[in-house]
Each structure stands twice: as C-alpha cells, then as structure tokens.
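Novice: Chains as they are written, first to last, in this note's numbering: chain A, 1 to 559; chain B, 560 to 854; chain C, 855 to 1115.
Just so you know, these hints were derived from the structure itself, not from any lab.
Beta carbons: idealized from backbone N, C-alpha and C, even for Gly.
Hints may be right or wrong, so weigh each one.
[Stated by the list, open to error] Derived DEER-like restraints, expressed as beta-carbon distance ranges:
| id | chain 1 | residue 1 | chain 2 | residue 2 | range |
| --- | --- | --- | --- | --- | --- |
| 1 | B | Ser619 | C | Val983 | 30 to 40 Å |
| 2 | A | Gln210 | B | Phe590 | 47 to 57 Å |
| 3 | B | Leu751 | C | Leu862 | 50 to 60 Å |
| 4 | A | Ala302 | C | Val983 | 18 to 28 Å |
| 5 | A | Ala477 | C | Ala1099 | 27 to 37 Å |
| 6 | C | Leu994 | A | Thr379 | 28 to 38 Å |
[To be verified] From the structure, some residues in chain C lie toward chain B, with a derived Cβ separation under 7 Å:
| id | residue |
| --- | --- |
| 7 | Asp885 |
| 8 | Ala899 |
| 9 | Asp957 |
| 10 | Leu965 |
| 11 | Gly1007 |
| 12 | Val1094 |
| 13 | Leu1096 |
| 14 | Val1098 |
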Amino acid sequence: MKPIRDDHNWRGWRVIGWRGWRLALVIAALTTGLLIASPMHAQSGSGGVAWAIKYDPKTFDPAKVDDQASELVRYLTGGVLLRINRHTQEVEPSLASSWTIAPDGRTLVFHLRAGLRFSDGSALTSADAAWSIRRVLAPATAAPVAEEFLTPGGVTVETPDPLTVIVHLPRRVVSIGRVFDEIAIEPQNRASEGRVTAGPYVVAEYERGQFVRLERNPHYWKHDPGGAQLPYLPSIRLDIVANPEQEQVRFVRGQYQFLGGISPEYFDLLARTQPQSAHDLGPSLNTEQLWFNQAAAAPLPAYEKQWFASTAFRVAISEAIHRQDLARLAYSGHATPAYGFISPANKVWFDAHLDVPREDVAAANVALAKAGFYRSGATLYDASGHAVRFSILTNAGNAAREKMATLIQQDLAAIGITVTVVTLDFPALIDRLMHTENYEACILGLANVDPDPDSMMNLWLSSSPNHQWNPSEKTPATPWEAAIDAAMQAQASATGMEGRRQAVDRVQQIVATEQPFIYLVYPNALYAVSPALAGVDLTVLAPGPVWNIESLRWQKGKR
Amino acid sequence: MRSLGGALLVLGRVALLVALVAMGTLALVRFAPGYFADAREMDAQHAEGARAALAARRASEGSVAALAGSVAAGWLHGELGVSRQYDVPVWELIRPRLRVTFSLLTRALGFAWLAAAALAVPLSGLGGRRGAAAVTLGSAMLLSVPIGALATLFLLTGMGGPVLAVGLVLAARDFKFLYSLLRREWRTPHLLYARAQGVGSVRLVLGYLLPALAPQLLALLLMSLVAALSLAVPAEVIFDVPGLGQLAWSAAINRDAPVLLAVSLLMAAAVGLMGACSRPAIRSSSGSAADLEAA
Amino acid sequence: MRRTALVLLLALLAAAVLAALRPGSSYAAQDREQSWAPASRTHPAGTDALGRDRLTRVAVAALLGLAGAASAAAGATGIAAGVGVLAAFGPKILAGPLLLVCDSFLALPWLFLLMMVRAGLPLQTAPLVSAAATFLILALLGWPACARAVHAGASAMRRADWMIQGRAAGLRATQLMGRHLLPRMLPLLIPQLLISVPVFLIAEANLGTLGLGVAEPLPSWGSMLLELDNSALLASSHWVYLPVALLIAFLVLLELCVTEA
C-alpha cells in the first residue's frame, strides 16, 4: 500500500473549520491575557531622586555597618560630629561646630552647635553624642569602627555640659578625626536603626529585595547661604537592582538620576548618546594587582615557591606586562597604568618620584637569565629544568579583570611562560586565598575607600591575615617585609605630616622595588549623572556624586 | 481502601525523596569550597568581625553530622532555621517569594503550553512543510538566545517581562516535543480512518489524541515544569523578580545552607508530587487501538 | 529536503574547518592595535576587544562547542533512554529506586558538586581537558527529566499490540528494543537531543563562573552567546550576532536532517 502523502497546505487549513478558528481565537486571547507584565517598581515620590544599589543593606543600625550598601544608607542618614570633605580630603566639622585635639593626640574636645535636633524633633545634646560613641566602643555592639580606636576598651567619654563632648584616648591614633565620620549620633538609649537620625535623610520605608526609601529630615541642622533648610531634595529611593542592564535602561529613561560602577563599554555608549551625563573623573583610588603566593605553607611544589619568592622573577614579570594595553583594551581606555598602591587621585599621599620597573621585555629577559632561567625554543625553564608555567586565579563576573588576565597570558607567553587563566566564584576564591592557600597567582582589585594609608595597616603588616601574599607571618620572612612593617608603624606614630609622608614614601618605594604586588591599573572613576540636577560636585572618593546630597537640587523647570 | 493505601504509598515516597534530597543538599553545600568563606575577609577593615563569626560557625557546623543535627533540631521546633545572608527566619523569606514564583511559573507554563499546542496541533496534522519550517526556525532562535539576551532585548524595546521570556523558551521546547509526538499520532491507522470519515478536528483532538497521549503528555508536563523551575532562576535574577529563584541564586552564591535546604526540599516535594500524579495515568492507559475504538 | 539539509550541514562544518585552519589565522593571537576593528582582508569578520580575529574564533568555538555539546547531548539522551526503558521494562523492584534516583537528581543543587569538581581538578588543567570534563559532567547530570518522559512512554507501550505480538512470536528483548521500541521512542528522544545542544552550550558558559568550562585562550561558543546580554556590545558591531546566527542555522539544519519525512 502506498504511504499516504499529506495534503497541500491550503486545503489543509480548510479542514479545521470555523470551530477550529474560534478555538484558536480563544487560545490567542488567553495567551495574551497571561502576559500581563509584572508590576513596575514603585515610582519615586514627586521631586525625589532614585538610583540603584546592588544588594540589600545588611543593617540600618549605623554602629554595625559592615558593607557598602549599609554604609551608603548611613552616609545619607547619619548625623556625624565630623565629616570628611570628599574633595579636599580634609576633616570638617558637621554636628560639631568646632573641635580641638590635644598636642599629645589623646584628648579630643567637640563643641556641638546650638539648637540641634533629631528628625523627630527631640533635642540633640552631648549626652546623645556620648551615648552613641560609647555604644560604638562597647564590645557587645561589635562595631567595626571600634577597631579604628586601637584600644576601644580604654576610651572614655565625658560631657561637662550639653554642648561639649570630651573623648580621652589611651593611645594616640593617627588621623583620629576621620573615624568620627563613621560614627552616627543617635538618640540616647533609643537605637532607632536609621528611623530617627540627625543627618539629611531618614529611613522611611524598606521592602526587602526591592527598595529603601529615605525621606527628608525636617530638622536637619544645615542651611544654605540664603537660609533655606537643607536638603533640597524631598526623598531618595534606593532600588535594589542586580542586573546592570536594568539599571542602565532606567537611567536613560530618567527614572534614575545616578549610575555608578558603569562598565567601560557602556560608558562609551553613554558618552555617545548622552554626552552631558557621562563623566570620566580620571583614576580612582582603586587598584588592580597581580600577586604570587609566597606563603610557606602553600601546597605548591618547592621549585614554584622558589620562583615566586625570587624578586628578580617578580620584577621580570612586571616588566613583561604591557600596562598601556591593559588600560586601553580591558578598560576601553578608562584606566591608568599603575605602578604603586597609591593612586594619583590621592593627591595628599601619591609619590610621583618612585623608581619603578617600566615595560621592557628585553630587560625582563635579561633579569630572568641572571636569575638562572633559560629559554629553549618558546618555553622558559628554570635552573633545575622545570618549565615555567603557573595559573592565574581571578573572580568570575568581572569582564575587565578576565580580559586583563588574557592579555597578561599573551604578554608572558612572549617571554616563554605558559599561563592558565582560572575564574572562580568569590567564596571559592576566598577559600583558596585565605584558608587553603592553594593558588599560584591571583589578580584582584582593592577598593580603597579611605585615602589615608593608615587604613591599609592590615594589608602591609606581615603579621596580618590580610597580608595577601603571605598571611599571618610569625616573623617577617624577608628583610624588606620587616622594613615595610617598620615604616608602617612609623607612619602610625609619627607626630607630623612630614614624618608620615616620608614613612609612606618609603613603603611605596620598597613595594616598587620588590613587587610583592604587581600593580596593573587604576580603573577610572566613571559616573553618570542626570543633567537635570544642579549642585553636583563630582569627586573620586566614595560615595561619589552624592557626597554633597544635601546641596543637590533640580535645575529650574526640570521638576 | 485501595486509594487510601495508594495515597499513603505516594506520601511515603515523597517523604523518602525529601529525606534523600535533604541529606544530599546538606552534604553538597557543606563540602563545596567556600562554605567557611566570607567576602568581608578580603576587606582589611572589616575582616576581624568576619573571622570571628566564621570561627564560631566552624565550631558549630564542623561536620555534616553537626550541621544536620542543628538543622533537625530547628525543624523539630517548627522553624526552618535562620538565613545566613539576611539574618531572618527562612520561612519569612520564602513565604512572599513562593507566591511570586508560583504566579510567574503558572502564567509562563500556561502561555507556553497554549502557544505550543496552538501551533503543534494544526501543523502536525497538516503536513505543512513551510509552516513547520517557519516554526522550526522560530524555536531554534528562542532556544539559542540565552535568557539574558532576551531580557536585554525586552528592556531595550520596553515590552515583555519574565513571563514572556520564560514562556517563549518553554513554548519552543514544548512545541518540539508536541509536534514530534503528534506527527506520529496523526498518522496512526485509526486516526487516519476517523479523518477520512469526516470526524471534526476538534473532536479528533479532544476525543482521540488526548486520551491516547495522556501519559506522555503528563510526563512532558513534568519535564516542562522542571525546565520552568530551572529557567525561573536566571529569569528572576535578570528581571529582578523577588521570587524563589532569585533567593536560591543568592543563597547559592553566599552558601546560605538553611535557605538552600528549604528551596531544595520544596523542589523535591514538587517533583515528587508531579511524579506521583503521572504514574496512575501510565497504569490506566495502554495505548492500544482497541481501547480507542471502544471509546 | 533531508538530503539538502545534510549537504548544507556538512558544508557549514567544512566552512568552519576551513575558516579555522586558514593560513595566518589564530584564535589566540592578539593584534592589539586592531581592537574592535571592522571587517577587512586580514580579518573578514572584524576583531574582538583584544584584537583577536573573530572569524577564526567563531569557527573554532563552533567546532569545539559542537563536538562537546553534541556528544554531551547524545550522552545525556542515551542515559535517559537507557534508564527510562530499564525502569519500564526491567524487574519491578528496580523501577521504584531508579525513579527515586531520577527525582532526587532533579531536586539536588548540583552547582555545589560542580564547585567540588573544580576544586578537585588541578589549577593548571589544560583548557581542552577542562572543557571535556565540563561536557562530561553535563551529560551525567542532564538526563533525569527526559528519563521520566521516556519511562512514561515506554510504560505505555508495555501493553501495545505490537509488543504483545512480538513477545508472543518469541523475539528476544534486544530485538524488541532495537527494532520496535526505540524507533517508537524517537519522537521523544530526538527533540530532547535537539534541545540539549544549545542548553549545554549555554550551561558550559555559565559554568565558567565556577572555573569549569572552556578556559582562555580557547574561544567558548557559550560565552559568545552570553555576551549578547550586553547592550553596549550589541551597539558596537553587527558581527557579535555571528555566533548566534551560526547556532540557529546549525540547529535548523540538524533538525531537518533528523526529523522524519
């Protein structure tokens, strides 16, 4: 029997008949009905601004702030005695109208402004300030800021009158003033978790996973030169948006007024389509660096440990890397080649006269030859005949870092070294870096929020668990690490700026000579700000364009 | 009596599945690298606090037995534990998100099946090569484009959302299976006979095709559900939908064992119940032509 | 139709091989002055961000991805078919545990197993070995959902006329399976195979976040597909659509080849 051949298309359609068509229409209607779009995020209140943060703030309690999102909320809501001017890096009085520090650096006197109020109208006096400071210092609170006092248990606070606060420190702490930028003053005995504040805004609403809404503090102490109450903007909404594309589309549509952490490619697109919104502020404080595992207990073969411990090897690697290409290709030009841990954006501490190993492949080859390495064909071998090959770890999800790893892979192939690039998720990476020490080389970035080198103590002290290339050393493994320890202690105890600067310059030079961290680039600070806002004063220091949030307002006619 | 016994058997099986999945999840999460790691360890300023917290965790959750013990104790007290990321009870996190994800999945599955059926039924019966080729191209496009790219497309054009994205991808999958199954079934002798007799197409589909393919369709529904559950995770993350998928992803990234356990168990219960529903259908059907003629 | 599709498919593969092997081309060589360059004689499809020739990279990625994803898809579908048929036709006592294993596979968070695999592999694993390991694991983890459907289909056929007739006629189990059962399971297995190919390609790229997958400098087809979610990249060049266009073409041709007339 012949197989039945199917009908031609057109005749087949008629087979369905009217009933079939009606059914099809019903189905079409149903399917459209099912596609009701998910509700949009709540619109911002009239006149307010909004932008996105990547994840929920872990806490609204200003004493327990330990992550960036919580820190932002604290910055926007917490009233502090002293504020660091993000432009000049100087400490300025805020709730305190003036402050003095004794010559021995162990007594601080703050004079509060008169007539200060909290957002609920209650008076703000020295008792509230003292209570807040004591709460931060108390071990039960486990406030991260307490560590900045070095010996928080010995600090005492006195309040001789309602407008004076005296803080006695058992030990001198260098640049102690900047620590008070992180201590928010809360009503005495009423820890309100951001609902009653002395800063420009107050936490009004929080939907987990969705948004945080801040309302203007009607009793904020600051007024503009004309006497008008600050802040100008009535509300802020921080949407929790993980997808950067979503954030970018909302910015372009005018729903968000700020964009931070923009990828270099998107910045270029924005610069083409909305040039007045895109701002490249030049190098930020952050660094991207490559380092080798020099831990004695690392589960690596002995010959690999020898390579990584050799200064000549590290310097040769540094000389073989083309940093200009990294900046140009991995960051689309929005980065600056880096040779030291202090960025040129850190005007106070940057040392422009460092003697650093610059790009020079010939010099790299010479240095390797001197150290006993030799080339055979396209491969580099060490003195004992092992081919030089290692892996570079980095975290997944950072496109620029992955590109840098690939570029470095080719740069090192030119001097005969085979590199494997491995991208891991962050917890697995931390596990290898901090716990098992099972890695060879790593590329990561360091976000420097505080320009003062004293905040980097834990990075440079050899005994610290964060002494990345060789954590928790009982004694410094090399003379130059001991020299770094000494110089960092010197800057912490130096009495004058000059002494501190000399010590920090010494650390910078040792790091440049020994290359424990091979600095790659300083990523540029890229921001997008709606041109409808006036009063914007962009700066590289966190929190970026909103550091003077109380002075921002809409341009005439925009809202 | 038989149905009561059957119901008990089903419940027992689901309970066994849930227990297996619970043990498996705990073991997997506990031994995966990074369980005792915290991103704050890398931040020199905040590392001390992180380290102290981790040391405490290591002491209490050092071995799987200890971890399982603490989880079991929590369950006996009627709570599902406290989330490691958010420091709130797990049930409080899950309850609102369960509703969101359920709504997303139901709508997406409904759309997918309606669309797939609406296309597969007529096209498979007609032998229309051009129609089938066009839909093949469409389904290939939907399967090749990752859901992130679909999301960006929707964002840039300002239309569509997670339901449409998940629904379209599921429709593309379901269409392939349905088309393939139906193509064969349209050509079985008794259906060809019925068509020749002039039986209406709607009656053919409802009266002949569906009963014959019921067990396979149910199994396909299960596959579709599983695919939907796995698509829900990237869809919710990319579209910022506050559902279980988004929670599961952030729990996986942050090694939040209580939340992961709760989500896995929900998944196991869903899969177990779906599996149980499809088995009676298998038993009762035989796929024989004699049954159809008798109907 | 089938023959044309087969010829086109082979032509596509041959073109990919030619593009990958043409003299002077390399998937890893970075021409750093030519980043994001438009199409030219030396770079017919332009270059990517690091100045690498896009045509060569797409061709190599396609060949690598096809080999990996197609074999993983075939493996997963094969395992699913085997488990499903075994559960349906094997000893009754085996069916329950097999289905239980199947269901638990579906519910467990395998992400963590993959992390453990990566932790177990030496850091200096060659990119090809890491890619092969990834596709192998995908094949071993990707079968449960289909197995259930196969089991349902096979169970339905247990009392089919042809099955009873075949058994009565004395056909051996292998003959029944091979000549009668498997062809009837094809409507279920073929779509599963076709769907698995792009799913595994994208899964391989997603596994890159765990350290598995295809490592640099080898090009990964899945990663090229994932790049499409970046609106800035989409605006930069039309050649970013080449990988997805190639995949769609391949899938359509493959489907036309394997679908019965």
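Novice: Work down the list of hints and note, for each, if the structure agrees.
Specialist: Status of the hints after comparison with the structure:
no.	hint	result
1	B:Ser619 with C:Val983: 30 to 40 Å	holds, 39 Å
2	A:Gln210 with B:Phe590: 47 to 57 Å	violated, 34 Å
3	B:Leu751 with C:Leu862: 50 to 60 Å	violated, 33 Å
4	A:Ala302 with C:Val983: 18 to 28 Å	holds, 25 Å
5	A:Ala477 with C:Ala1099: 27 to 37 Å	violated, 55 Å
6	C:Leu994 with A:Thr379: 28 to 38 Å	holds, 36 Å
7	Asp885	violated, 27 Å
8	Ala899	violated, 18 Å
9	Asp957	holds, 5 Å
10	Leu965	holds, 6 Å
11	Gly1007	holds, 5 Å
12	Val1094	violated, 10 Å
13	Leu1096	violated, 12 Å
14	Val1098	holds, 5 Å
Hints 2, 3, 5, 7, 8, 12 and 13 from the list above are not met by this structure, while the remaining hints are.
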